[in-house]
Amino acid sequence: MAYSGTVTDKTNLGNSILKWGTYNCASVSTGELDPGSDRVLFVFLQPKASSVIATGSSIDETMPYSIPPSGASKVTIDTSASETGYWVAICKP
Amino acid sequence: MAFENTIKHVDRIGKWKIKVGTYTNGGSDTGGELDTGLGNLLGLFLMKTGNGTTTDLAVVNETFPDVSGPYATIITKAGDDGIWLAIEGQKTTATTTVDEVQIFDVTRSSNKYLACGQIVDGGNGAVAAVLTSVLEKIDWMILQPIDSSVAASSPVINETFPVDAGQSGGITIACTASKTYLFLACGEKGGA
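For the record, the sequence lines run as chains Y and B. Position 85 (the first sequence) corresponds to 85 in the numbering used here; numbering is contiguous. To convert, count from 1 in the second sequence and add 1000; that's the numbering used here.
The following block holds chain B by itself, in its conformation from the complex:
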C-alpha cells in the first residue's frame, strides 16, 4: 500500500478555510504528497497516530505560505500514520528573519483570534517568540517542524498558558538549532 491521505472535515475560522484528514503509509513508505484540497497554504500540522511514540517526527518539506497548493510534501518515519490540519489563508509571501516570529495571517473565530506563521531558529535552539503585534493574551501555541528529513526531537514551549504576549522575553521555545517551525497560536487580540 502506498502513501495515501483522506479529508475528513472542512470548516472555516473566520477568513481561513481549514481541512482535517488522515495520512497512511505502507510499511516502507516515508510520506508523500499530501493532497490538502486547499490553495494557498498557510500551515500544515501533523500528529502521529497509532500505538507508541516515535523517535522520528513527521515534517513538512515546503516553504510557507505555499501558494502552489493543494499538495504538500510530508516526510515521516517508515510506516507511521497520522492526522493533519491544513490552513488556507490569504498571505502569499513572507520574509525570513532568524530568531523572529513571522506572522503569515490572523483570523477571528467566535471569541478568539488565531495567528499562523513561522519561526526560524538562529542557531542556538532557543527562540523568544514575540506576538504582541497580533495577540495580547495567548491561550496556546503549537509547533510543526519544517525540514527535508524527519525530526529527531519535538520542539517544546516552556510557558504556563495563558500568558501575556508582552511578557518580558516573549514565549520561550526550545527547538533544534537552525531549524524552521510553523506555529499556530490562539488568544485575544491586541497590538497594532
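Only chain Y is shown next, with the shape it has when bound in the complex:
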C-alpha cells in the first residue's frame, strides 16, 4: 500500500483559504500531502485512532512552502507507520 489523501472542503478567509481533508499512510510512514494549492502557509495533522499515538507527526518542508510547478512533489509529511487522520491547511488562493 501507499500514501493516499483527499481534499474534503474549503472556506475562504480574508486573504487565504482554509482547506481540510484526510491522509492515509497505509503501511508507510511518509507521504506527499496535496492540499490543492501551490502556496501552503500552515498545515496541522490530527491523527484518527482509538487510542493515543506515541509519536508526533511532522511536516517535512520549510514553511511557508511553495509546491514546485512540476507538481512532482507535494507537502511531505512524516507520521507513525500506517497512521491515518485529518489535515487542516491555510493556503494562498
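Keep in mind that the hints are not guaranteed to be accurate.
Stated by the list, open to error - DSBU-like cross-link-like pairs, simulated, lysine-lysine; straight-line CA separation at most 30 Å:
#1 Y:Lys48 to B:Lys1179
#2 Y:Lys74 to Y:Lys19
#3 B:Lys1077 to Y:Lys74
#4 Y:Lys74 to B:Lys1091
#5 B:Lys1008 to Y:Lys92
#6 Y:Lys19 to B:Lys1091
#7 B:Lys1137 to Y:Lys48
#8 B:Lys1015 to B:Lys1137
#9 B:Lys1189 to Y:Lys92
#10 Y:Lys92 to B:Lys1179
#11 B:Lys1179 to Y:Lys19
#12 B:Lys1077 to Y:Lys19
#13 Y:Lys48 to Y:Lys92
#14 B:Lys1179 to B:Lys1077
#15 Y:Lys48 to Y:Lys74
#16 B:Lys1015 to Y:Lys92
#17 B:Lys1077 to B:Lys1015
#18 B:Lys1077 to Y:Lys48
#19 Y:Lys74 to B:Lys1179
#20 Y:Lys74 to B:Lys1008
#21 B:Lys1189 to B:Lys1091
#22 B:Lys1137 to B:Lys1189
#23 B:Lys1091 to B:Lys1015
#24 B:Lys1189 to B:Lys1015
#25 B:Lys1137 to Y:Lys92
#26 Y:Lys19 to B:Lys1015
#27 Y:Lys19 to B:Lys1137
#28 Y:Lys48 to B:Lys1189
#29 Y:Lys48 to B:Lys1008
Bear in mind the hints are in silico, worked out from the structure with no lab data behind them.
Following the hints, complete the assembly by docking chain B onto the known chain Y.
Chain B alone, transformed into the frame defined by chain Y:
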C-alpha cells in the same frame, strides 16, 4: 542560536484575528516565549517541521484564554522546529470542568463556523466532546496539548468526519489522562 519565532501570515476569520508563523530552536533549546503579536489569545496550535517524527510533542504552557499576550510559552523537544497558528478572540475567561468541552468563542468564515476552546480530561484518557451548543455538523477538529513539559503521545479523534455534533456520545477523543487540550473545530452552525 537561541529560540526564535517569525510571523509569516496575518488574516481574519470573522471576528477572530489569526497569525501563522514558524519557530526554531538551537540544538539544545527546548522552546521559549513565542511572540504571537496578538493580544487575547484563544488558542495556539503547534506542528513540528523537519525530517522525521518526534516522541516528544510540543506543548503550550499557558492558561487559555490568555489575556496577557502577545507572548506564550511553548515547550518542545530539544532542537525541534515547527510552525504555529495563533488565534485572537474576545473571550477573556473560562470555567474549568473536567470531561467537558469549554467553548471560548465562535466565529464565522465565508460559509463555515469555527469554535475554539479547551477540553480537560477527567482522569481516564477519554473524552466525549459535545459541541451541540455551537456547531451542528462538524467537519473537523484538531487538538493541541497544554502542559508544563513535552507530551509523550498525540491525542487522537476516533471519528469519521463529517459527523453530527448531536450524535450519541459526542466526538470520541482519546488523550493522556488528566491533561488539558486546546481544540479548534469547524462545521455548520447549530444549537443555541
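Each hint, compared with the structure:
1. Y:Lys48 to B:Lys1179: holds, 19 Å
2. Y:Lys74 to Y:Lys19: Answer holds: lysine 74 of chain Y to lysine 19 of chain Y is near 15 Å, not above 30 Å.
3. B:Lys1077 to Y:Lys74: Distance ~26 Å between lysine 1077 of chain B and lysine 74 of chain Y Cα, so the pair holds.
4. Y:Lys74 to B:Lys1091: Between lysine 74 of chain Y and lysine 1091 of chain B the Cα gap is close to 37 Å, so the pair fails against 30 Å, i.e. violated.
5. B:Lys1008 to Y:Lys92: holds, 12 Å
6. Y:Lys19 to B:Lys1091: holds, 25 Å
7. B:Lys1137 to Y:Lys48: holds, 18 Å
8. B:Lys1015 to B:Lys1137: holds, 21 Å
9. B:Lys1189 to Y:Lys92: holds, 25 Å
10. Y:Lys92 to B:Lys1179: violated, 35 Å
11. B:Lys1179 to Y:Lys19: holds, 28 Å
12. B:Lys1077 to Y:Lys19: holds, 28 Å
13. Y:Lys48 to Y:Lys92: This hinted pair holds, its Cα atoms lying about 27 Å apart.
14. B:Lys1179 to B:Lys1077: holds, 18 Å
15. Y:Lys48 to Y:Lys74: Measuring from Cα to Cα gives roughly 22 Å; hence the hint holds.
16. B:Lys1015 to Y:Lys92: holds, 20 Å
17. B:Lys1077 to B:Lys1015: Measuring from Cα to Cα gives roughly 34 Å; hence the hint is violated.
18. B:Lys1077 to Y:Lys48: Judged against 30 Å, a Cα distance of about 23 Å means the pair holds.
19. Y:Lys74 to B:Lys1179: Outside the cut-off at roughly 34 Å; violated.
20. Y:Lys74 to B:Lys1008: Between lysine 74 of chain Y and lysine 1008 of chain B the Cα gap is close to 20 Å, so the pair holds against 30 Å.
21. B:Lys1189 to B:Lys1091: holds, 19 Å
22. B:Lys1137 to B:Lys1189: Distance of about 8 Å is within 30 Å: holds.
23. B:Lys1091 to B:Lys1015: It holds: about 11 Å lies between the C-alpha atoms, which stays within 30 Å.
24. B:Lys1189 to B:Lys1015: Since the Cα atoms of lysine 1189 of chain B and lysine 1015 of chain B sit roughly 16 Å apart, the hinted pair holds (cutoff 30 Å).
25. B:Lys1137 to Y:Lys92: holds, 26 Å
26. Y:Lys19 to B:Lys1015: The given pair, whose Cα atoms are some 19 Å apart, holds under the 30 Å limit.
27. Y:Lys19 to B:Lys1137: Measuring from Cα to Cα gives roughly 17 Å; hence the hint holds.
28. Y:Lys48 to B:Lys1189: holds, 24 Å
29. Y:Lys48 to B:Lys1008: Given pair lysine 48 of chain Y, lysine 1008 of chain B holds - Cα atoms ~29 Å apart, limit 30 Å.
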